[in-house]
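Engineer: Whenever a hint applies, use it, and build me the whole structure from the sequences.
For the record, the sequence lines run as chains A and B. Take the first sequence: its letters are residues 0 to 490, numbered as in numbering that gives the first Met the number 0. Take the second sequence: its letters are residues 0 to 475, numbered as in numbering that gives the first Met the number 0.
Treat the hints as calculated values from the structure; they're not laboratory data. It is possible that some hints are incorrect.
Covered stretches of chain B (in silico footprint by chain A; criterion: 3 or more residues with CB under 8 Å from a CB of chain A, positions within the stretch not fixed) [to be verified]:
# : stretch
1 : 65-72
2 : 105-114
3 : 118-124
4 : 141-152
5 : 430-442
Predicted model only: the values in this text are computed from it and were never measured. Using N, Cα and C, we set each Cβ at its ideal position, and we do this for glycine too.
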Amino acid sequence: MSNLEDKDIENDFGFVRIIFLYISYGLVILNGKIADFICKLRGQRYLNTPEGYAPLFVEFEYFYQLRMFGRLKHAWDRPICSLPGAWIDVMERSNKHYSERLELTGTTKYCLNLGSYNYLGFAQNSGPVAEKVIDGIKKYGVYSGSTSVEVGFTNAQKQLESTISRFVGKEDAMVFEMGFATNSGSLPALIGKGGLIISDALNHASLATGCKNTGCKVKVFRHNDPKHLEEIIRESIIQGQPKTHRPWTMILIIIEGIYSMEGEVASLPEILAIKKKYNCYLYIDEAHSIGALGKTGRGICDHYQIDPKNIDILMGTFTKSFGSIGGYIAGDKTLIDYLRTTTYGSVYANSMSPVCAIQSLEALRVIMGEDGTNTGKEKLKQLHDNSNYFREKLNEAGFVILGNRDSPVIPLMLYSPNKLSSFSRLCLERNIAVVVVGYPATPLSSPRTRFCISASHTKEDLDWALEQIEEVGIRLNLKAASINYKKPIKN
Amino acid sequence: MSEIIEKVIGLFRDFIDNSTNPNLVIHGMMLVLIVFLLTKRPFKPRHSDKLSKKEEEELIAEWKPITLAPKMSNYQKLNEEDDIVITGSTTTTSTIEGHDKPLINLARSNYLGFIGNKEIAQVAEQTVRKYGVGSCGPRGFYGTIDVHLQLEKKTAQFMKAPEAVLYSSGYATVSSAIPSFAKIGDIIIADRGINQTIQVGLALSRSKLFYFNHNDMADLERILKETAFHSKDEIVRKFVIVEGLYYNYGDLSPLPQIIKLKEQYKFRIVLEESHSVGVLGSTGRGIVEHYGLNNKDVDILCASYGNAFSSGGGFCCGQKEVVYHQRLNGVAYVFSASLPPFLATSAEKAIDLLDQNPKLLDSLHQNTNQFYQGLNKIQGLKVTSLPLSPVIHLQLDQSKQSKSRQENEELLEKIVREALKHDLLLTRAKYVENEKFLPPPSIRVCVNCELSKDQITKSIQIIKDCCEVVFSNNKL
Numbered sequence: 000m001s002n003l004e005d006k007d008i009e010n011d012f013g014f015v016r017i018i019f020l021y022i023s024y025g026l027v028i029l030n031g032k033i034a035d036f037i038c039k040l041r042g043q044r045y046l047n048t049p050e051g052y053a054p055l056f057v058e059f060e061y062f063y064q065l066r067m068f069g070r071l072k073h074a075w076d077r078p079i080c081s082l083p084g085a086w087i088d089v090m091e092r093s094n095k096h097y098s099e100r101l102e103l104t105g106t107t108k109y110c111l112n113l114g115s116y117n118y119l120g121f122a123q124n125s126g127p128v129a130e131k132v133i134d135g136i137k138k139y140g141v142y143s144g145s146t147s148v149e150v151g152f153t154n155a156q157k158q159l160e161s162t163i164s165r166f167v168g169k170e171d172a173m174v175f176e177m178g179f180a181t182n183s184g185s186l187p188a189l190i191g192k193g194g195l196i197i198s199d200a201l202n203h204a205s206l207a208t209g210c211k212n213t214g215c216k217v218k219v220f221r222h223n224d225p226k227h228l229e230e231i232i233r234e235s236i237i238q239g240q241p242k243t244h245r246p247w248t249m250i251l252i253i254i255e256g257i258y259s260m261e262g263e264v265a266s267l268p269e270i271l272a273i274k275k276k277y278n279c280y281l282y283i284d285e286a287h288s289i290g291a292l293g294k295t296g297r298g299i300c301d302h303y304q305i306d307p308k309n310i311d312i313l314m315g316t317f318t319k320s321f322g323s324i325g326g327y328i329a330g331d332k333t334l335i336d337y338l339r340t341t342t343y344g345s346v347y348a349n350s351m352s353p354v355c356a357i358q359s360l361e362a363l364r365v366i367m368g369e370d371g372t373n374t375g376k377e378k379l380k381q382l383h384d385n386s387n388y389f390r391e392k393l394n395e396a397g398f399v400i401l402g403n404r405d406s407p408v409i410p411l412m413l414y415s416p417n418k419l420s421s422f423s424r425l426c427l428e429r430n431i432a433v434v435v436v437g438y439p440a441t442p443l444s445s446p447r448t449r450f451c452i453s454a455s456h457t458k459e460d461l462d463w464a465l466e467q468i469e470e471v472g473i474r475l476n477l478k479a480a481s482i483n484y485k486k487p488i489k490n
Numbered sequence: 000m001s002e003i004i005e006k007v008i009g010l011f012r013d014f015i016d017n018s019t020n021p022n023l024v025i026h027g028m029m030l031v032l033i034v035f036l037l038t039k040r041p042f043k044p045r046h047s048d049k050l051s052k053k054e055e056e057e058l059i060a061e062w063k064p065i066t067l068a069p070k071m072s073n074y075q076k077l078n079e080e081d082d083i084v085i086t087g088s089t090t091t092t093s094t095i096e097g098h099d100k101p102l103i104n105l106a107r108s109n110y111l112g113f114i115g116n117k118e119i120a121q122v123a124e125q126t127v128r129k130y131g132v133g134s135c136g137p138r139g140f141y142g143t144i145d146v147h148l149q150l151e152k153k154t155a156q157f158m159k160a161p162e163a164v165l166y167s168s169g170y171a172t173v174s175s176a177i178p179s180f181a182k183i184g185d186i187i188i189a190d191r192g193i194n195q196t197i198q199v200g201l202a203l204s205r206s207k208l209f210y211f212n213h214n215d216m217a218d219l220e221r222i223l224k225e226t227a228f229h230s231k232d233e234i235v236r237k238f239v240i241v242e243g244l245y246y247n248y249g250d251l252s253p254l255p256q257i258i259k260l261k262e263q264y265k266f267r268i269v270l271e272e273s274h275s276v277g278v279l280g281s282t283g284r285g286i287v288e289h290y291g292l293n294n295k296d297v298d299i300l301c302a303s304y305g306n307a308f309s310s311g312g313g314f315c316c317g318q319k320e321v322v323y324h325q326r327l328n329g330v331a332y333v334f335s336a337s338l339p340p341f342l343a344t345s346a347e348k349a350i351d352l353l354d355q356n357p358k359l360l361d362s363l364h365q366n367t368n369q370f371y372q373g374l375n376k377i378q379g380l381k382v383t384s385l386p387l388s389p390v391i392h393l394q395l396d397q398s399k400q401s402k403s404r405q406e407n408e409e410l411l412e413k414i415v416r417e418a419l420k421h422d423l424l425l426t427r428a429k430y431v432e433n434e435k436f437l438p439p440p441s442i443r444v445c446v447n448c449e450l451s452k453d454q455i456t457k458s459i460q461i462i463k464d465c466c467e468v469v470f471s472n473n474k475l
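Structural biologist: Here it is as C-alpha cells:
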C-alpha cells in the first residue's frame with residue numbers, strides 16, 4: 000500500500016469510520032434540534048427580527064453557529080496574552096455549553112505554541128529587529144494615513160519593495176497593508192473580462208474572493224493535479240469562451256506554494272511545463288512558503304531550483320515568516336508599474352504601516368544575511384531540521400500525516416469531528432497549544448490538527464511535545480487503526 | 000391512362016369497402032409514411048463537430064494570450080508619475096525624499112493629529128516591547144491577543160453599540176462585512192457617491208444592485224417603491240448602503256430621512272463611517288451623534304481606524320447577532336492574520352485621547368471652518384464639500400474647466416506640484432480609472448486639528464498663489 004497518494008489516504012479510512020463520522024454529525028444535529036425545541040417551548044427565539052423585516056441571515060446559519068460550532072468553539076479563538084513565540088500564555092476560558100460567549104476566567108496557561116505561523120521565529124520583542132522597529136515608530140508615527148498612490152508611500156516601504164523584489168528574484172515588487180487584500184484586491188487588476196482563471200481546488204479564501212471579484216470565468220482543477228490542469232486548459236483553449244466561443248484573452252493559473260491545510264508543496268515543475276506549453280500565466284501565492292522553503296528561504300522556486308523569472312507573478316505575505324503583517328506582489332517592472340495605479344489595494348486601501356514595513360524589511364535583511372550575521376542561515380536550518388524531525392517522529396509513531404519534507408506545516412489526520420474538540424482540549428491540558436481544523440476549511444470527512452513548526456522551538460520542546468501527543472494519540476485512538484502502514488515522507 | 004387510374008382508385012375503394020377494419024388501412028398508410036420519412040436524408044450534416052487531434056493541436060498552437068501588463072492610459076501615467084516618498088512624519092508635517100524642509104501635510108487623513116503623537120508612540124513602543132510586531136496568525140488560531148479583546152470592548156463602548164468586531168484592514172472591513180450578510184437574491188440599494196471599497200463589497204455579495212442619485216431621497220424612495228413588491232410570498236432582505244461623511248464628496252448623508260424611510264419600507268441600514276467617526280458629533284461618535292439619532296436604527300456600522308484614529312484596521316459594530324455572525328462568516332476576519340497588537344493599542348489610546356480631550360474636535364471644526372472660508376475665496380477653484388467636513392474637495396471652477404477630464408486632472412496636478420515647491424503637501428483625489436461612478440477631478444485637502452492659525456493662513460495663501468501661477472501659465 001506504500002504507493003498510495005496522499006489523496007487516497009485522506010479518503011481511505013474504511014467504512015466503519017465513515018459510518019461513525021456520519022453518526023457523530025447526526026447526533027450533533029439531533030442534539031441541536033432538541034435544544035432548539037426546548038428553546039422554542041421556553042419562548043426563546045433565534046433572532047429578534049422586527050415585524051416586517053426579513054431575518055438578517057438564514058436560520059440554518061444560526062443553527063450552525065449556535066448548535067454545531069457552538070459546541071466546539073472552545074477549540075478556536077483562544078486569546079493569548081503574550082508574544083506569539085515558541086511558548087505562549089493562553090488565557091483560560093470557562094467552558095459552559097451553549098453559553099453564547101466563553102468568559103475569561105482570568106487565569107493563564109503557559110503552553111508550547113504549535114499553532115502560530117512564526118516559522119522563522121521573528122515574533123520577537125527584543126533584539127536588533129525590535130530596536131529598529133521602535134526607532135521607526137519615533138520617526139514615522141505608527142501609521143501612514145494615506146494610500147500608496149497618494150502620500151502614504153514611505154521610505155521604509157520603498158526599501159522593503161526593492162529588497163523583497165531582490166529576494167524573490169523579480170524586477171519589481173509592491174507591498175500592501177494586508178495579505179488578504181493583496182490577493183483580493185490585485186486579481187481584479189490583473190485579469191478582466193474575457194479572461195479565464197484556473198485555480199487549485201484548495202486555494203485560500205483570499206484567492207477565491209479575488210477571483211470572485213474579477214468577474215471572469217473561474218475553473219477549478221483537482222488539488223495539485225497537473226494532469227487535470229492540462230485537461231482543463233486544452234478543453235478551454237479549444238472551446239473558447241462559453242456561448243460565444245471567442246478565444247480567451249488570457250489564462251491565469253493560480254496555485255499556492257505550500258497549501259496551508261495540507262502542508263503540501265505544489266508540484267511546480269510539472270505545472271510550469273504546462274504553463275509554458277500552453278502560454279498561460281502563473282500566479283503563485285507563497286504566503287506559507289516564502290521564508291520557509293528552500294535553502295535560502297526564497298520559497299518554492301528555491302525549493303525546486305527553478306529560476307523565478309519563469310513565473311509571472313509571485314505573491315506572498317509578511318505575516319508568517321517575517322513576523323509582521325502585509326503582503327507583496329512581485330513581477331516584471333511594467334506589470335508592477337501598471338498595478339500600482341490599478342489595484343484597489345494601492346489606490347483605496349491605506350498603505351502599509353511604516354512600522355510593519357520596517358519589521359518586514361529588517362527580518363528580510365536578517366534572512367538574506369545583509370545584517371552581517373549568520374542568524375538568518377541558522378534560523379532557516381533550524382526550521383528545516385525541526386520540521387523534518389517532528390514530521391519523521393510523528394510518522395514513525397504511526398500517525399497519518401500529510402505534506403512534504405521541509406514543509407513547516409504538518410497536518411495530522413483526526414478523521415472524526417468529535418476528536419477535534421477532544422484533541423485540542425487534551426493537548427491544552429498538557430500545555431500544548433494546537434490548531435484543529437474541520438469543515439468548512441477542510442472536506443467534511445477529514446478533520447485534522449495542524450502543527451506549525453518554528454525555528455524558535457528547541458529539540459527538547461519538540462521531544463516533549465511528541466511524547467505528549469503520543470499519549471493523546473493513544474487515548475483518542477488516532478494511530479491509523481485501519482491503515483496499518485507507514486508511508487515514506489514525500490520529498 | 001385515365002382508365003388505369005380509375006381502375007386503381009376503384010380497386011382501392013373496393014379494398015376499403017371490403018376490409019373489415021378501415022383503421023388497419025390508415026395504420027398501414029401511416030407506416031409507409033414513417034418509413035418514407037425515415038429513409039429521407041436528414042437536413043443536419045452527417046459529419047460530427049468533433050475536432051480531430053490535429054485540429055485541436057492547431058487551435059492550441061494558434062491561441063495567443065494578450066499581455067499581462069497592458070499599456071498605461073494617460074490618467075494612470077499621471078497618477079503614477081509623482082513619486083512622493085515620505086521619510087518622516089510629525090503631527091502636522093512630513094519630510095519627503097528630495098526636499099530639505101518639512102512640508103505641511105494636508106494630503107493624509109490625520110484629522111485629529113494622532114500620527115506622530117508622542118503618547119501614542121509611547122504606547123506603541125511598550126506594546127512592541129511586550130508582543131513584538133505581528134500577531135502571526137488569524138484570530139481563530141492563537142492570533143487573538145488580549146489587546147484585541149480590549150479594543151473591541153473599547154470600540155463598542157465608544158460607539159455605544161452592544162458589540163464590535165475587528166478587522167485587520169480598513170479596506171477589508173466593509174468589503175467583507177457586506178457580503179457576509181447580503182447574498183444572492185437580496186436587494187442592495189446604494190448611494191452613487193459611495194467609495195470603491197464599498198463597491199467591492201457590493202460586487203462580492205452578488206445581490207441585486209440598485210443605485211440612487213447621490214443624497215437624493217426622492218430617488219431612494221422611488222427605488223424603494225419599485226422594489227417593495229419584489230417577491231410575493233417571502234420578504235426579501237433589503238439593505239440601504241450609505242456613507243456617513245462621503246470621502247469622495249465631503250458631504251453628509253441625510254440619515255434622519257433615511258431612518259424615516261426605513262420605518263416605512265423595512266430595510267436594513269449599512270453605514271460606512273470611516274471618515275465620520277472621531278470627526279462628527281459633539282464627542283466624535285460619528286454621524287449618529289451629529290444628528291442626535293438612536294444607535295439602534297443603524298443595523299451594521301463599519302469604519303476604519305485609519306483616519307481620525309490614525310491606526311491600522313477597521314471595525315464593524317452592531318447588535319450581538321450582527322457581530323457573532325461576522326466572526327464565522329466575515330471572510331477577511333476569519334482568513335486573515337489579525338491586527339498587529341501595537342496598532343490595536345494605538346487605536347485604543349487614540350480613542351482614550353479623544354474621550355479625555357473633546358476640545359480636539361472644537362479645534363478641528365475651527366480649522367475646518369478657517370480652511371473653508373479661505374479656500375472658498377480662491378479664484379478659479381470651488382469648494383464642493385460642506386463647511387463642517389474636514390475632507391475638502393477643491394474642484395476647478397467652471398471658467399477654468401476644459402472639456403476633457405484628463406486636462407482638468409493635469410491642471411490640478413500642476414497646482415499640487417507647484418505647492419510642493421512652497422513646502423505644502425497636497426494631493427489630487429486619485430481613483431482607479433474604471434470605477435463605476437467616477438467622481439469629478441479634485442484636490443483633496445484633509446484638515447488636521449493640530450494646525451495653527453498661522454499654518455492654515457499660510458497654506459491657503461500658498462494654494463492661492465500656486466493657482467494664480469498655474470492658471471496664468473495655462474493661458475499662454
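Engineer: Work down the list of hints and note, for each, if the structure agrees.
Structural biologist: Comparing the hints with the structure gives:
no., hint, result
1, 65-72, "holds (count 5)"
2, 105-114, "holds (count 6)"
3, 118-124, "holds (count 4)"
4, 141-152, "holds (count 7)"
5, 430-442, "holds (count 3)"
Violated hints are absent here; each numbered hint is respected by the structure.
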